[in-house]
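Spelled out, the chains give:
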Amino acid sequence: MSAVCIAATPIDGQALTQALRDPYCGGFVSFEGWVRNHNEGERVLRLEYEVYTPIAVSEGEKIIAEAKQRFAIDGARCVHREGMLALGDMAVWVGVTAAHRGPAFDACQYIIDNVKTRLPIWKKESYENGDSGWVNCEQPAAHGHAHG
Amino acid sequence: MSAVCIAATPIDGQALTQALRDPYCGGFVSFEGWVRNHNEGERVLRLEYEVYTPIAVSEGEKIIAEAKQRFAIDGARCVHREGMLALGDMAVWVGVTAAHRGPAFDACQYIIDNVKTRLPIWKKESYENGDSGWVNCEQPAAHGHAHG
Amino acid sequence: MTDKTLTVRYFALFRDLAGTAETALTSPAETTGELFDALATQWSFAEPRTHCKVAVNDELVDWQHPLSSGDIVLLFPPVAGG
Amino acid sequence: MTDKTLTVRYFALFRDLAGTAETALTSPAETTGELFDALATQWSFAEPRTHCKVAVNDELVDWQHPLSSGDIVLLFPPVAGG
Chain P
1 MSAVCIAATP
11 IDGQALTQAL
21 RDPYCGGFVS
31 FEGWVRNHNE
41 GERVLRLEYE
51 VYTPIAVSEG
61 EKIIAEAKQR
71 FAIDGARCVH
81 REGMLALGDM
91 AVWVGVTAAH
101 RGPAFDACQY
111 IIDNVKTRLP
121 IWKKESYENG
131 DSGWVNCEQP
141 AAHGHAHG
Chain Z
1001 MSAVCIAATP
1011 IDGQALTQAL
1021 RDPYCGGFVS
1031 FEGWVRNHNE
1041 GERVLRLEYE
1051 VYTPIAVSEG
1061 EKIIAEAKQR
1071 FAIDGARCVH
1081 REGMLALGDM
1091 AVWVGVTAAH
1101 RGPAFDACQY
1111 IIDNVKTRLP
1121 IWKKESYENG
1131 DSGWVNCEQP
1141 AAHGHAHG
Chain E
2001 MTDKTLTVRY
2011 FALFRDLAGT
2021 AETALTSPAE
2031 TTGELFDALA
2041 TQWSFAEPRT
2051 HCKVAVNDEL
2061 VDWQHPLSSG
2071 DIVLLFPPVA
2081 GG
Chain H
3001 MTDKTLTVRY
3011 FALFRDLAGT
3021 AETALTSPAE
3031 TTGELFDALA
3041 TQWSFAEPRT
3051 HCKVAVNDEL
3061 VDWQHPLSSG
3071 DIVLLFPPVA
3081 GG
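If you're matching them up, the sequences are chains P, Z, E and H in order. Position 48 of the first sequence, counted from 1, bears residue number 48 in the numbering used here, the numbering being contiguous throughout. Position in the second sequence (first residue = 1) + 1000 = the numbering used here. Position in the third sequence (first residue = 1) + 2000 = the numbering used here. Position in the fourth sequence (first residue = 1) + 3000 = the numbering used here.
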C-alpha cells in the first residue's frame, strides 16, 4: 500500500485508520478536508479536482518521508480525491500514528500544509450564482467571473 | 448530544465524525488514543480505566468551552472509555471541526492535553510478567510491582 | 477548632491503599489540604499533594478550600486519562 | 542559441487560457523560466512565475532548469489541493 494515493472514488477514512493501527502506537491524529458550502462569501455548489497524478504521488511520498525524518512517528498516509465532489464530500485525508501524540500532531499538520502547497492539484468551484473558476492558493478564483 | 461522554462500550469514531459534519466547516482534526502493547519497557496485556463520571463530564465540558473560546473552531467532542480494554482498543477520541485547519489542530491538541491532565480518570495496566498497577501521569505505576 | 463529620471517598490507588472506597469520619481539619495531609500519613500515600486533586460535593476545589460538616470529600490520586 | 523542439502541457487555468492541453513547439528558451515568460506573454497568464511550478520529464524543477530538445515541459498554475 503506497503512502500516498489519488482516489477517483469516495475516501473511506475508517478503513484507512484501521490499516494504520499498530499495537506499538498509542496515538493517532488525522485530518480530513471536506468540501464546504462557501468560499470568500460565494455559495459553492460543487467542486472538481484536477490532479497530475505522477508528480502528486511522488511529491506526496517525499512529504511523508520528510515528516518521518523530522518527527518521531511510525505510520503516515495521505489520500486525495480527484474528479467531481459534492458538498460535504471528503477531499483529502491524512493519518499519522506515533507512540506519543505531540509528534503525531506536528507531522499531520506538516503533511497537510505541504500537500496543499506542493502537490499539482487544482480546484474548480461552481457557485450558486452560475460562476465557476479555478481556486488559486486557497483564494477564490480571480477568473471566476469571466467564466460566469 | 453532550460534548463530552464517558463510554462503557467501544467508541465508534466514524459515527462521531459523521455527527460533527457541518457544511460550513472545511477542516476536521481528530485524535485517537489506542491501548498499546508496552509502557516503559513492560509488555502490557490489558488495561482498565476507572472514571469518576460526574466530574469527568463537567470538567471535560469546561475544557471544550475553553477551546471554543481560544480557537476559531465550530464543533468539538470528546469520548473517553471506562472499564476493561484490550490491546488496540480506542481509549479516547477527540474531534474538532473548523473553517480553517490551523485552529482545528490547535484546539484538538488543547483538548486532549487537558483531558489527560484534568479529568478524574485512572488507568490500571496488567503486564505480561504478572504485575499490575495504576499508571500515574503517563509514568508506569510506582506500585506496580507491589501488586505482582 | 471543632471536629467535622465528613464523608471521604477514595479513588484508584488511594482506594487500594486505604482499603475502602468510602468512609465516614470526624476530623479537626480546617481545609482540604489539612485533611489530605492527615489521611496521607494514615494510609501512606506517597504522591505529593500537588499531583493529586480534591473535590467537595462534586466540585473540584483547591487545597485551601474550607471544610464543613456534612461535606463529601473526593480524593483523587494523579490522573492518567487518554 | 538554437531552437529546441519541446512538448508543453498546460494544466487547469493554463489549459483554459491556452485553449489546449498539449502542444509541440520550437523555442529558443534556454531555461524553464525563459519558456514560461514567453508563453505567459502569449497566453496572458497573470500569475507571477513564483506562484507557479514547472516539471520537466515528470520531475519538478526550478525556473533556471536548462531545456533540451525532446523535453516534455509541464506548466502548473498555482496549486489548490486539500
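In short, the hints are calculated from the structure, not lab data. In this text, a Cβ means the ideal position worked out from N, Cα and C, and glycines have one as well. Take these hints with a grain of salt, some might be off.
What the hints assert, rightly or not - Subject to a maximum C-alpha distance of 27 Å in a straight line, what follows is the list of computed DSSO-like cross-link-like pairs (lysine-lysine):
id : chain 1 : residue 1 : chain 2 : residue 2
1  : P       : K68       : P       : K116
2  : Z       : K1068     : P       : K116
3  : Z       : K1062     : Z       : K1116
4  : P       : K116      : P       : K62
5  : P       : K68       : Z       : K1116
What the hints assert, rightly or not - Simulated DEER-style distance windows between Cβ atoms:
id : chain 1 : residue 1 : chain 2 : residue 2 : range
6  : P       : A99       : H       : A3024     : 52 to 58 Å
7  : E       : E2034     : P       : E66       : 53 to 59 Å
8  : P       : G41       : H       : Q3042     : 32 to 38 Å
What the hints assert, rightly or not - Stretch-level coverage of chain P by chain H, calculated; a stretch enters the list once three of its residues show a Cβ under 8 Å from a Cβ in chain H:
id : region
9  : 39-47
10 : 114-123
Hints versus structure:
1. P/K68 / P/K116: 18 Å, holds
2. Z/K1068 / P/K116: Roughly 26 Å separates the two Cα atoms, so the pair holds.
3. Z/K1062 / Z/K1116: 14 Å, holds
4. P/K116 / P/K62: 14 Å, holds
5. P/K68 / Z/K1116: Answer holds: P/K68 to Z/K1116 is near 26 Å, not above 27 Å.
6. P/A99 / H/A3024: 52 to 58 Å: 53 Å, holds
7. E/E2034 / P/E66: 53 to 59 Å: 55 Å, holds
8. P/G41 / H/Q3042: 32 to 38 Å: About 34 Å separates the Cβ atoms of P/G41 and H/Q3042, which means 32 to 38 Å holds.
9. 39-47: Three-residue rule not met by the region 39-47 of chain P, so violated; n is 0.
10. 114-123: With 9 residues closer than 8 Å to chain H, the region 114-123 of chain P meets the three-residue bar; holds.
In terms of the numbered hints stated before, the structure departs from hint 9 and from no other.
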